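Residue numbers (my numbering), protein chains in the order written: chain A, 25 to 296; chain B, 14 to 103.
What the hints contain is simulated information worked out from the structure, not anything from laboratory work.
Here the structure is a predicted model, which is why all the values come from computation and not from measurement.
There may be inaccurate statements among the hints.
[What the hints assert, rightly or not] Which bits of chain B does chain A cover? Going by a derived footprint, with three or more residues having C-beta under 8 angstroms, they are:
| # | segment |
| --- | --- |
| 1 | 34 to 48 |
| 2 | 71 to 84 |
[Said to hold, decoys possible] In silico DSSO-like links for lysine-lysine, alpha-carbon gap of 27 angstroms or less:
| # | chain 1 | residue 1 | chain 2 | residue 2 |
| --- | --- | --- | --- | --- |
| 3 | A | K180 | B | K33 |
| 4 | B | K24 | B | K40 |
| 5 | B | K54 | A | K180 |
| 6 | B | K40 | A | K180 |
| 7 | B | K54 | B | K40 |
| 8 | B | K24 | B | K54 |
| 9 | B | K33 | B | K54 |
Virtual Cβ for every residue (Gly too), placed ideally from N, Cα, C.
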Amino acid sequence: MTQVAAKMNAVGAANTPRIGVITFPGTLDDVDAARAIRCSGAQAVPLWHADADLAGVDAVVVPGGFSYGDYLRAGAIAAQAPIMHAVIDAARRGLPVLGICNGFQILCEAGLLPGALVRNAGLRFICRDQWLRVENTSSVWTSRFEPAAEILIPMKNAEGRYVAAESVLDELEGEGRVLFRYVGDGPAQGNPNGALRDIAGISSADGKIAGLMPHPEHAIDALTGPTDDGLGLFLSVQDWIGTATAATIAATAGTAATAGTAARGPTAGARG
Amino acid sequence: MARVAVDVVIKPEILDPQGKAILAALKRIGQQGVSAVRQGKHFDLEVDDSVSDADLEEIAGHLLANPVIESWTVTRVAQETVGAGSEDAR
């Protein structure tokens with residue numbers, strides 16, 4: 025925790041960012057997501073699927089798991105839950121939202137991110153530590169990473185293959201909205217599931233809504249994860265929240281500039 | 014009340030690994046003549062008379078199917094023929 029505390033030295037106790045974590049029936053990774061948020065220096069606020077408001081949080085994490093048992097399609101039922109109406113409204117007004125694994129599936133099903141996640145090409149549930157390249161470091165969730173940093177975080181899913189129409193993929197590439205791409209050589213590296221253009225994670229056009237299949241919340245310290253690379257996402261959003269709070273009204277008008285000027289503190293997760 | 018059938022299939026351009034696995038299993042049970050399988054979903058809905066065709070499109074396109082990866086057909090099953098026919102007795 026001392027190492028982590030050093031990373032959060034810019035964050036004062038009085039204005040500790042509050043980041044919500046939603047629990048649906050069947051969510052698994054809300055506890056780890058909340059721990060990752062706390063370890064990165066923010067306050068984790070539990071949010072319940074049946075609630076209709078977001079308790080005034082500064083950002084929301086939609087964690088992984090098997091919401092509603094993956095009935096119908098992974099994320100399809102959760103996307104219609106009462107809390108998601110609040111998330112969609114708030115996201116459209118600029119609230120940062122991160123979807124991890126099932127959370128990414130939910131954001132796609134809710135129409136907050138384009139494309140869909142379908143069954144892995146090899147039909148297998150894949151659980152392994154996965155190398156990713158950070159393709160865009162100007163989004164709200166990736167500003168702490170060095171450009172083109174390669175990070176190692178766990179992935180575990182059966183429906184993780186990202187697909188979208190060619191025109192959508194071109195648009196994502198052209199606008200720099202591919203945040204993470206599968207990389208690495210060797211038998212258990214590279215693209216694990218046939219995801220189009222090796223895409224592991226994407227963002228909205230303004231960089232505030234992001235989703236990825238691998239699990240940054242499981243890679244926050246060397247004791248329990250392969251690296252602490254995952255902290256970078258939770259620290260990045262706090263930089264943005266801090267800047268946005270300081271700039272208050274200007275933040276809504278100049279969001280594009282905010283992400284670019286966010287303080288680059290100690291970079292979490294660059295492979296040396 | 015009316016009965017409505019909604020069939021959902023993965024779009025042709027989307028890889029269907031489950032269909033491929035089923036095809037491989039068909040070969041193993043000796044069915045060499047099958048050249049392709051696409052797996053989909055079938056929904057039977059009981060709807061009252063207030064549900065319009067537009068409502069059914071909303072139901073199918075907004076929840077039962079994901080338009081990004083799936084296509085669907087909505088079929089109203091004529092209640093009279095079903096009620097009197099063999100399907101209910103089955």
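Are K24 of chain B and K54 of chain B close enough, with their CA atoms no more than 27 angstroms apart? Status holds; Cα separation ~13 angstroms.
Quickly compare the C-alpha distance for K40 of chain B and K180 of chain A to 27 angstroms and report which way the hint goes.
violated, 31 angstroms
| Is K54 of chain B within 27 angstroms of K180 of chain A, Cα to Cα? | Status holds; Cα separation ~25 angstroms.
Confirm or reject the coverage of the segment 34 to 48 of chain B by chain A under the rule of 3 or more residues with a beta carbon closer than 8 angstroms to the chain's beta carbons. n = 1 at 8 angstroms, threshold three: violated.
- Item | Restraint check for K180 of chain A with K33 of chain B, where alpha carbons must lie at most 27 angstroms apart | Given pair K180 of chain A, K33 of chain B holds - Cα atoms ~23 angstroms apart, limit 27 angstroms.
Practice prompt. Measure nothing beyond the straight line between the CA atoms of K54 of chain B and K40 of chain B; if it is 27 angstroms or shorter, mark the hint as holding.
Written response: holds, 23 angstroms
Quiz item: Is K33 of chain B within 27 angstroms of K54 of chain B, Cα to Cα?
Solution: With a Cα-Cα distance of about 16 angstroms, the restraint between K33 of chain B and K54 of chain B holds, given a limit of 27 angstroms.
_Check the hint pairing K24 of chain B with K40 of chain B against an upper bound of 27 angstroms on the C-alpha distance._
holds, 24 angstroms
(Q) Under 8 angstroms between beta-carbons, do enough residues of the segment 71 to 84 of chain B, three at least, approach chain A for the coverage claim to hold? (A) holds (count 5)
Checked against the numbered hints listed earlier, the structure breaks hints 1, 6; every other hint is satisfied.
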